[in-house]
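2 protein chains.
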Amino acid sequence: MEPKDLPANILDPNCPSRVIFQRIGDKWASLVIQVLGDGPVRFSELRKMVSVVTPKVLTQTLRALERDGLITRTVHAQVPPRVDYELTAVGESLLQPLSMLREWAESHVPTILEARDAYDDAQDEALLGSSN
Amino acid sequence: MEPKDLPANILDPNCPSRVIFQRIGDKWASLVIQVLGDGPVRFSELRKMVSVVTPKVLTQTLRALERDGLITRTVHAQVPPRVDYELTAVGESLLQPLSMLREWAESHVPTILEARDAYDDAQDEALLGSSN
DNA sequence: AGTCAAAGGTATCCAATGGATACTGATAGC
DNA sequence: GCTATCAGTATCCATTGGATACCTTTGACT
Numbered sequence: 777m778e779p780k781d782l783p784a785n786i787l788d789p790n791c792p793s794r795v796i797f798q799r800i801g802d803k804w805a806s807l808v809i810q811v812l813g814d815g816p817v818r819f820s821e822l823r824k825m826v827s828v829v830t831p832k833v834l835t836q837t838l839r840a841l842e843r844d845g846l847i848t849r850t851v852h853a854q855v856p857p858r859v860d861y862e863l864t865a866v867g868e869s870l871l872q873p874l875s876m877l878r879e880w881a882e883s884h885v886p887t888i889l890e891a892r893d894a895y896d897d898a899q900d901e902a903l904l905g906s907s908n
Numbered sequence: 777m778e779p780k781d782l783p784a785n786i787l788d789p790n791c792p793s794r795v796i797f798q799r800i801g802d803k804w805a806s807l808v809i810q811v812l813g814d815g816p817v818r819f820s821e822l823r824k825m826v827s828v829v830t831p832k833v834l835t836q837t838l839r840a841l842e843r844d845g846l847i848t849r850t851v852h853a854q855v856p857p858r859v860d861y862e863l864t865a866v867g868e869s870l871l872q873p874l875s876m877l878r879e880w881a882e883s884h885v886p887t888i889l890e891a892r893d894a895y896d897d898a899q900d901e902a903l904l905g906s907s908n
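Protein chains in written order, with our numbering: chain A, 777 to 908; chain B, 777 to 908.
Keep in mind that the hints were calculated from the coordinates and are not lab data. Be aware that a few hints might be false.
Where chains are identical, the list cannot tell them apart; a pair therefore holds if satisfied intra-copy or between any two copies.
Using 16 Å as the maximum straight-line C-alpha spacing, the simulated EDC-like pairs for lysine to aspartate or glutamate come out as follows [to be verified]:
{"no.": "1", "residue 1": "824", "residue 2": "788"}
{"no.": "2", "residue 1": "803", "residue 2": "788"}
{"no.": "3", "residue 1": "803", "residue 2": "897"}
All values reported here derive from a predicted model rather than from experimental measurement.
Could you build all of it, start to finish, from the sequences and the hints given here?
See the structure below:
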């Protein structure tokens with residue numbers, strides 16, 4: 777793993793690592809993975825915990841994660857049906873990098889909200905100035 | 777400690793940390809930040825390095841990052857114009873968490889591609905079986 | 001003088017994605 | 001029968017993303 781000649785490069789649009797990187801960055805996928813970090817969860821529970829996601833989009837997300845081997849889908853032959861989603865070993869290996877990002881996000885909330893307010897105020901002033 | 781009462785919680789749709797988390801997960805934003813990790817870059821260079829992004833979308837991405845205080849935009853009074861984008865201190869603090877994700881993505885490329893092939897093959901067989 | 005090129009974007013239009021809402025199918029319990 | 005539960009589909013519409021063309025300023029070239 778020499779950093780000199782990385783075999784995979786996210787900046788190359790033809791490199792599969794980029795596709796994978798963007799799957800992680802998917803709006804719902806990363807939340808689902810973090811929820812599954814505590815163990816298997818069924819579909820309806822996921823919907824409640826990863827609020828507010830519509831069933832169609834949650835299904836799409838879960839199928840994509842399953843396809844990439846990050847989660848498994850287990851159907852229990854019951855009525856009403858019970859379907860459990862669970863992290864694979866690969867999926868679990870994502871928990872740590874994701875939790876670092878999460879910690880970053882949670883700890884920088886105040887700073888970023890301040891920056892937004894300042895930026896928006898500046899925009900407002902610019903607009904007012906131009907109309908005078 | 778129940779996870780229900782975290783001060784900032786990504787799973788809460790009303791918590792700003794979620795919005796921020798999703799900005800990081802934006803398709804282009806995280807790539808831009810990683811490119812800017814080596815120092816300021818001008819617009820046209822960014823377009824080349826973060827290929828392939830259209831100017832409209834790159835502008836949207838940069839404006840959003842600027843609004844959140846992760847990058848600065850500096851216009852040099854020249855002709856032709858020169859505009860440099862540069863990470864702020866907050867933006868730089870994102871580099872480490874992002875590089876962990878990037879390393880994860882790059883190192884898991886083979887595993888995930890295999891999983892995809894296996895999944896797609898299984899889907900194909902299921903389709904063939906149902907049509908017989 | 002006229003024309004071209006460079007840089008950093010906008011403007012416009014169309015395709016893809018995301019989301020709201022309603023519905024399905026099997027069965028157990030009332 | 002009627003209803004409830006669960007895990008989704010089906011359908012439709014709004015938002016976003018992307019391709020392409022265009023704009024502006026000024027220096028260099030012809």
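Hint-by-hint comparison with the structure:
In this assembly of identical chains, residue 824 and residue 788 lie within 16 Å of each other by CA distance solely across copies; the values are 10 Å between and 37 Å within a copy. Proximity of residue 803 to residue 788 under the C-alpha cut-off of 16 Å is restricted to the inter-copy arrangement: shortest distance 14 Å between copies versus 22 Å within a copy. In this assembly of identical chains, residue 803 and residue 897 lie within 16 Å of each other by CA distance neither inside one copy nor across copies; the values are 28 Å within and 27 Å between.
Comparing the model with each earlier hint shows a violation of hint 3 alone; every other hint is respected.
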